[in-house]
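Got two chains here, each in a separate frame; can you build the complex from them with the hints?
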Amino acid sequence: MAHPETSASSSAHAPHVMPLSTYFLVFAALMVGTAATVGAAYVDLGWANNAVALAIAIAKATLVVLYFMHVKENTRLIPAVIFSGLFMLLILFVNLLADYGTRGWLGVEGR
Amino acid sequence: MSSESHGPSDLAHHFDSYEQQKESATLGMWTFLVTEILFFGGLFAAYSLYRSLYPEAFRAASHSLDIRLGAFNTAVLIGSSLTMALAVRGGQTGKPKTTFAMLLGTLLLGSTFLAVKAVEYADKFTHHHVPGPSFHFEGPDAPHAQLFFSLYFGMTGLHALHMVIGAAILAFMLRPALRGAWTPRNHNFLEGFGLYWHFVDLVWIFLFPLLYLIGRHH
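Line by line, the protein sequences give chains A and B. Heads up: the first sequence runs through residues 1 to 111, numbered per my numbering. Heads up: the second sequence runs through residues 112 to 329, numbered per my numbering.
One should not assume that every hint holds.
To be verified - Only pairs whose alpha carbons sit at most 30 Å apart, straight line, appear in this in silico DSSO-like list of lysine-lysine:
(1) Lys-133/B to Lys-72/A
(2) Lys-133/B to Lys-208/B
(3) Lys-72/A to Lys-206/B
(4) Lys-133/B to Lys-206/B
(5) Lys-72/A to Lys-208/B
Stated by the list, open to error - Per the computed footprint, the stretches of chain B lying under chain A, defined by three or more beta-carbons under 8 Å from a beta-carbon of chain A, are:
(6) 132-143
(7) 154-163
What the hints assert, rightly or not - To give a feel for the contact side, a few chain A residues facing chain B, derived at Cβ under 7 Å:
(8) Val-17
(9) Phe-27
(10) Val-38
(11) Ala-41
(12) Val-43
(13) Ala-61
(14) Phe-68
(15) Met-69
(16) Gly-85
(17) Met-88
(18) Leu-89
(19) Phe-93
These are calculated hints, taken from the structure and not from any lab test. Computed from a prediction, not measured in an experiment: that's the story for all the values here. Heads up, the beta-carbon is just placed ideally off N, CA and C, and yes, glycines get one too.
Next comes chain B alone, as it looks inside the complex (with noise of 0.2 Å):
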């Protein structure tokens, strides 16, 4: 095997050829994206204990969110997600520009989808919305109200903090992006963050309902 033509992050000397290399990364991705799954499931299950519980509360609390900024930012997450999948394709296809640029675009959206969110928790301090002392709530049943600001805060915070972990990994990529690290025959790592970013993106596609839009009818 000619093993100086390509450097030793190229083909792995473990591996026995290059599939077997990238089958290995995904399937290691995929074991750490399901302790995710379950990490983040055991909050879903709180909140869909509390709130068949509660359902009076967790709809008078949902109602206060802003559904405007949610969908927006619903939006925004759909359309990094996208640009992700471009970057990694950029990489199958070997044009580091593509992944460069798309990349960067990632992490713009990322930022944008942030910043919203910074907006959407300063109004809830101003409301008192917060759960602590100084928690207010003008609807029925405040206390179990709450208990839905609780998840609100503990889902929409890890969400968002994975959003960080994201976003400072993607500014890391952006000059080995342009320096061509990434080739068709190994992408690995640039596909293996494109299925965190994308696992970011599927938490909040579950998230946007449960909070933003129980019982929006009455």
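The shape of chain A in the complex, shown without the other chains (with noise of 0.2 Å):
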């Protein structure tokens, strides 16, 4: 382990940090990103109409996390953690919609 006053004094005293314009960038990416949703939801894609306002959405948090959470700029402990946590939400939604897909298959009232 590092002394503290070697650690304390080196890279800490001068966080990386991002410049405006990428937060500018980033900004302007979210609400151009907004009214796409807004518009595609218009136009008649089908079932695509889903997978598309989804993808917007998953692409506007991706950057948001990336960049206003800094998670561009962690080690990978963090990663790791939303990970963990995005697979339990993973786990939720396939068993619950597994169980109410299935349902009818026994042929049972009532299940």
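The following block contains the structure:
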């Protein structure tokens, strides 16, 4: 373990700072994404309407997480924690929809 | 270690370095946010299930929401995320005035969002779209439209509660911000609150298309 004095006097004094332009670019992209979501909702794409809306939302969320929430600058521990949470969410969705999606299969009344 | 030169809140004695202290704070905050993902995730799962079971009711009920107010609020919330990110940047670069101004901007934008939400809720009450004994819906499949509005109030209500808590914390952060409580070496509280605020923005990024934009082309 490094001595506190040596490690504290090194890079900790100057944390990496993202340029202002990055923040404004991300903000602009998020606004464009919002307009795109609204616009796409008025076009009849059939089943793809949902997919497009979700894809835009996921893209916007990724920008927020990577840049506004600085995950791009974090150690890889943080993405590991985030993906563990998303994996639990996936289990929740898969099991719930697998349950309801297969209830008619047994042919039992009320199941 | 010359611990007298900076106060006890600067580098806690159980940390070796500022990096380690910052990483611990970030990890702790993200652990909390993962529980929040699953907290909201339960509601998103219920929404997905019932929307797949009653698509007609959900479409009709969704059309009664005001898309302009929803889109306006989305823009307001994204703007507040920008000001929040700039407030944290003010901490990183040691600019208390920037942090103060940006936190104030975040508070104002957050309050704007809540005010618009209040207008929308009031509109639901006048049109009897609030689930309960006096619920009335003109469209097809009114009972399941009521399910949509239950989810609408549950999800936006939980989201708004997070905003109210966030706004209250923001109000208490203004004075320390001006005092320069957050420095390039230690702005972990500011950064942690920023993560919370951005998370609330993330939830809305999904809520807006899911609640307001179902089958608008019909």
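Hints, one by one, checked against the model:
Using a Cα cut-off of 30 Å, the hinted pair Lys-133/B and Lys-72/A holds, with the two alpha carbons roughly 15 Å apart. Distance hint between Lys-133/B and Lys-208/B is fulfilled; the C-alpha atoms sit about 23 Å from each other, no more than 30 Å. Our distance criterion of 30 Å between C-alpha atoms is met by Lys-72/A and Lys-206/B, whose separation comes to about 23 Å. This hinted pair checks out: Lys-133/B and Lys-206/B have alpha carbons roughly 19 Å apart, not beyond 30 Å.
Proposed proximity of Lys-72/A and Lys-208/B is supported: the alpha carbons are some 26 Å apart, at most 30 Å. For the segment 132-143 of chain B, the stated coverage by chain A holds: 6 residues have a C-beta nearer than 8 Å to a C-beta of that chain, and at least 3 were required. Check result for the segment 154-163 of chain B against chain A: holds, 4 residues qualifying (beta carbon to beta carbon below 8 Å, three or more required). Because the smallest distance between the Cβ of Val-17/A and any Cβ of chain B comes to about 5 Å, under 7 Å, the interface hint for this residue holds.
Because the beta carbon of Phe-27/A sits about 4 Å from the nearest beta carbon in chain B, less than 7 Å, this interface hint is met. The closest approach between the C-beta of Val-38/A and any C-beta of chain B is roughly 6 Å, which is under the 7 Å cut-off, so the hint is satisfied. Interface hint at Ala-41/A: satisfied, since its Cβ lies 4 Å from the closest Cβ of chain B, which is below the 7 Å cut-off. The restraint placing Val-43/A at the interface with chain B holds, with a minimum CB-CB distance near 6 Å, inside the 7 Å limit.
At about 5 Å, the closest approach between the beta carbon of Ala-61/A and any beta carbon in chain B falls short of 7 Å, and the interface hint on this residue holds. Restraint check, Phe-68/A versus chain B: the minimum CB separation of about 5 Å is within 7 Å; hint holds. Taking 7 Å as the C-beta contact cut-off toward chain B, the hint placing Met-69/A at the interface holds, the least distance being around 5 Å. The interface hint given for Gly-85/A holds, since its Cβ lies 3 Å from the closest Cβ of chain B, which is under the 7 Å cut-off.
Interface restraint check: Met-88/A against chain B, minimum CB-CB distance 6 Å, threshold 7 Å, status holds. With a least beta-carbon distance of about 5 Å to chain B, the hint placing Leu-89/A at the interface is held under the 7 Å criterion. Hint on Phe-93/A holds. Least Cβ distance to chain B is approximately 6 Å, under the 7 Å limit.
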